[in-house]
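Which chain is which? The protein sequence lines are A and B, in order. Numbered according to this note's numbering, the first sequence spans residues 2 to 631. Numbered according to this note's numbering, the second sequence spans residues 6 to 455.
Hints are computed from structural coordinates only; laboratory data are not their basis. Hints should not be assumed to be uniformly reliable.
[Said to hold, decoys possible] Some chain A residues judged to face chain B by a derived CB distance under 7 Å, without partners named:
#	residue
1	Ala94
2	Val95
3	Lys285
4	Phe289
5	Gly406
6	Cys433
7	Met439
8	Arg593
9	Val616
[Unchecked claim] Cross-link-like lysine-lysine pairs, in silico, DSS-like; alpha carbons within 25 Å at most:
#	chain 1	residue 1	chain 2	residue 2
10	A	Lys515	B	Lys294
11	B	Lys125	A	Lys619
12	B	Lys125	A	Lys552
Cβ coordinates follow ideal geometry from the N, Cα and C atoms, glycine included.
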Amino acid sequence: MTGFSDEKYDIAVIGAGHAGCEAALASARLGLKVLVLCVDLDSVALMACNPSIGGTSKGHLVREIDALGGEMGVAADECFIQMRMLNTGKGPAVHSLRAQMDKRRYHERMKAVLERTEGVTLRQDECSRVLTENGEVCGVETALGARYACSACVVCSGVYLNSRVHTGEYNRFRGPSGLANAPLLSASLGELGFELRRFKTGTPPRVASASLDYSRMEPQYGDVPIPHFSFMTDELLKEQVPCHLTYTNSRTHEIIRENLHRSPMYAGAIRATGTRYCPSIEDKIVKFADRDRHQLFIEPEGLSTDEMYVQGLSTSLPRDVQEAMLRTIPGMENSRIMRYGYAIEYDCIDPTELDASLMSRRVPGLFFAGQINGSSGYEEAAAQGIYAGLNAALRVKGEEPFILGRGDAYIGVLCDDLTVKGTNEPYRMMTCRAEYRMLLRQDNADLRLTEKARRTGLVSEERYARLMRKKDRVAKAFSSLDRAVPASPELDGLLASLGYSPVRGSVRLDTLLKRNGVGYTDLMRLYDLPDVGREAVDEVEAEALYGGYIKRQEEEIRKLRRLEDELIPEEIDYMTITNLRTEARQKLSAIRPRDLGRASRISGVSPADIAVLSVYIKAFSKEDRNEDAR
Amino acid sequence: MIMNNSTVFALSTPVGGAITVMRISGPNSRALLEKLFTGSICDRRISFGHIVCENGEKVDACTAVYYAAPRSYTGEDMAEIMIHGSYAAAKKLTELIDGTGLAERAEPGEFTKRAYLNGKMDLAQAEAVMDVISASAERSLKAAEAQLEGRLSAVIGGLYERVKLACARMANAMDDDTGEADDDTAGSAEELRGIREEVERLADEGMRSRILREGARVAIIGSPNVGKSSLLNALLLRERAIVTPIPGTTRDTVEESASVCGIPVVFVDTAGIRESGDEVEMIGVERAKRESRGAELVLWLADGTRELDEGDEAILRSVEGRNMLAVITKADLPNAIAPDKDGLFRGKRAYSISSVTGEGLEALKKGVAEALLPGDGSSAALVTNSRHTAALTAAAEMLRAAEERLSDGLTDAAFFEMRSAMDRLAGILGTGDAAEELIDAVFANFCLGK
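All chains, please: the whole structure from these sequences, using the hints.
Here you go:
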């Protein structure tokens, strides 16, 4: 492919949503020249759905993105209007931070970072084709006719590819929130051999705050002291804004049931697959007919707007039905809709076409991240974005890919699930998907990932220095806990207040922390222990409480890694391995896993198939060596 | 050798013959032998010695051979230990090896696979190995199919569904942002208890059918000087005619065999271990836990001449939930404690005995037999396979732990235990992807999400 009239770049990033921003920043921070193409620069890092970042398991992803040197956590710490730690009563492994955002500020903040970052060129234009030479990416072409040479391309097209929005009988080929969509790239991906699928998602109506009666709702306030996402943040001080809770009722449900035939999903106008995690209110009423109410969460969209997001009421019912159902809800009787809810369907690829670094096996140099891969959610998108951007950059630099496994991070679980198991619906991260969740906590994301990511160049010196300081503090705390103390009335008093019986003789300090409820700071009041700061304390308490579980999980991970260290040669022809069962041969040929660990997770591949494969791989590499010798 | 740096072990002969062979392969083979075997170790020479526990107690007499790499079947460092062919002996050795952390259990066909990988076989032989591996999978598949038609899989399948639903309830609680999730821990706890009791009942059934075939282990636990050794001696003396000490046992050995009402029983005592100093309580508790873990029945001894103290209570707590009898000793002396009018003490079936006069021993033996095989033992057991029994026992333990974590408000840890239990049951059923099934269950049963 020749005739590049325009500038040359190392990497082209298609789209500037949550995946595109992280992908562009990661590759530019590794010193590469990055072009970011976006259909509308006023919607960079747009929060098209709800105005919050984090939440259960998504909060883990944000911490991990931050630990790798990403932007989402830092930006969220700057633009939040409320912070709340969820699940605090369910054990440290599932504590999850959620932040309400000023969504306009978040957009401006993210756009400004892209503008300031050396190496990033941000340009409003639509990518129409991915150009290849000898089967590998060599450039991109745009709707305005530009042709840019590049060595790698990261497609982060979100829900914009050929997207179509629906509200009742109304539908248009549009992007979210009335924005332009991107109709051109789908055909190019089809030419390259990708089979496109159709997924759908949706949003609820936004209503005017002035039209709501908050006295009929239950307020929910932020935490004080204010928790934060980024390991680079020291302390947050800000006046926080409350959210509000209210509920649907039987009258609401009646209206929805009476109008189901007017819903494009139920009338058959949308055939795309929706997510089970984020069901429309129509779906909830149909699937959970016995529930007499559903919770709604009223979230401010920002400080400079009166728009309020009605979480829980995602719908594509017609305008008049949306209005009628809102009026049945306590506190919303006189509500005025500012934007109507809609469903949106869009093109995406089958992520099992990707390798463990999120690069297409079909077209080397072509990476995919975010909703194009069939995921849902800002955090899932951003996590894939930094991962794909980093790996695209490493490829251009001729370095080994940076692979995170299921035992390393939620990001590893996310990418592994998508590329090995695939997904039949918009995929949402969930705590219960991460089998090593006792280890993969949000408090230790930096300890798990920052050092690992350092070799890539993405981790700043300051971030690394902070990690080392935290490690020192944790070690200091543990060494001061490494001693026994005699029984005392003070200690018995503390234990009694938590419902424990008194100790006899003496007891080790670290053993005391194994009792749920006994905190490091409680012990600090009784004994001479160093003040190591909140972050180190969280770490020490979780490690002490779950030491036994952590050891068990580390052992499991060691076993898993041994399998993952056995790489499968790329040129292997599964169809010729007759000892594999037919189903295994087909599945392995389709997914082409990187290693035996990944192979073992493919449904339809049995442990016996893995044993056969392992013997075959050794035979294969032996033959290889013999041929080399000749 | 290049790729496999792990050490694996497995019984390479079926249990039940005169001799059982334990095979070990990998770099830790020698270290393992040095740790567990008292005999001399020289390359490819059979030597005689004893298997010893961590604390140096001798467990069994045996012979062992060490093969240094590469002159071994697998081409790695290898060891083979020949022990007496009893179930109890094989089980004990397996536990001891597990306990060292030096080796893990071998996969099917692993020794042969390693032999090939280390160049001990050519490609044709290797293909034969792959045939064997896939054929054995085929067989187990067939076996699974046959079982699927049976009542057992229906019962286990039902339990699996209940555990899955309970798991889904917890997953929903953990993954719910709205705080609205059905987080009814009281309801969960009740359901958990119900499931656990059913799993325990099945595990008991499996245990019973194994006891008939292979005999039972009965652990004797209690505080120092409560009369553990005296009881053991009394039990053995009374049965002198039919006592068959495990061959090779020495005066330090803590296990003795006897027939109790026709059931072959191995009594496990903690005699020979010094009990002194401040650590008495801790050792007592830990030992009780350890010894009771592998036992089908626990005899908890209380000194009849004094009230229970902290140490007794701690030991009692540590074996909570076990199949257990209370034995009140020293009935020939003035009594401070006694069974109530229903024959119970602390809620357990209790027996007052005197090892000196022999009072109450016959009743205790009948009680032991009854506790091991309740009823007439003739009803056909659903669970007969020892692998299934082990899985059910483990699942019951995990469910119990889940109940505790849940009551502590640690949903994440409770979920971990539940998921492990779910995997154990899935292992019996041989069903597919438990992780996916769980997520489907969450969405099918709970209105999760925004």
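Should the hint that A:Met439 touches chain B count as held when the rule is a Cβ pair under 7 Å?
Given a least distance of 6 Å, the restraint on A:Met439 holds.
Under 7 Å is the threshold here; is the Cβ of A:Gly406 close enough to any Cβ of chain B for the hint to stand? violated (16 Å)
Proposed interface contact between A:Cys433 and chain B, which counts if any beta carbon pair is under 7 Å = Holds. Min distance 4 Å.
- Item | Distance restraint between B:Lys125 and A:Lys552, which requires alpha-carbon spacing of 25 Å or less | Violated, at roughly 36 Å.
- Could you check if A:Val95 really has its C-beta closer than 7 Å to a C-beta on chain B? This interface hint holds because 5 Å falls under the 7 Å limit.
- Would you mind confirming whether the straight-line C-alpha gap from B:Lys125 to A:Lys619 stays at or under 25 Å? Within the cut-off at roughly 13 Å; holds.
- Interface hint outcome for A:Arg593 [beta carbon to chain B under 7 Å]: For A:Arg593, the interface hint is violated, since the closest Cβ of chain B sits about 20 Å away, which is over 7 Å.
Classify the hint on A:Phe289 as holds or violated, based on whether any CB of chain B lies nearer than 7 Å to its CB.
-> Holds: closest Cβ of chain B sits about 5 Å from A:Phe289, inside 7 Å.
message: Just to be careful: measuring from the Cβ of A:Val616 to every Cβ in chain B, is the smallest value less than 7 Å?
response: holds (6 Å)
**Request:** Classify the hint on A:Lys285 as holds or violated, based on whether any CB of chain B lies nearer than 7 Å to its CB.
**Result:** Hint on A:Lys285: holds, closest Cβ of chain B at ~6 Å, below 7 Å.
- [ ] May I ask you to test the interface hint for A:Ala94 with respect to chain B, counting a Cβ-Cβ separation under 7 Å as satisfied?
- [x] Status holds, d = 4 Å.
**Hinted pair A:Lys515 and B:Lys294, Cα distance within 25 Å** = At roughly 19 Å apart (the allowed maximum being 25 Å), B:Lys294 and A:Lys515 satisfy the hint.
In this structure, the earlier hints numbered 5, 8 and 12 are contradicted, and the remaining ones agree with it.
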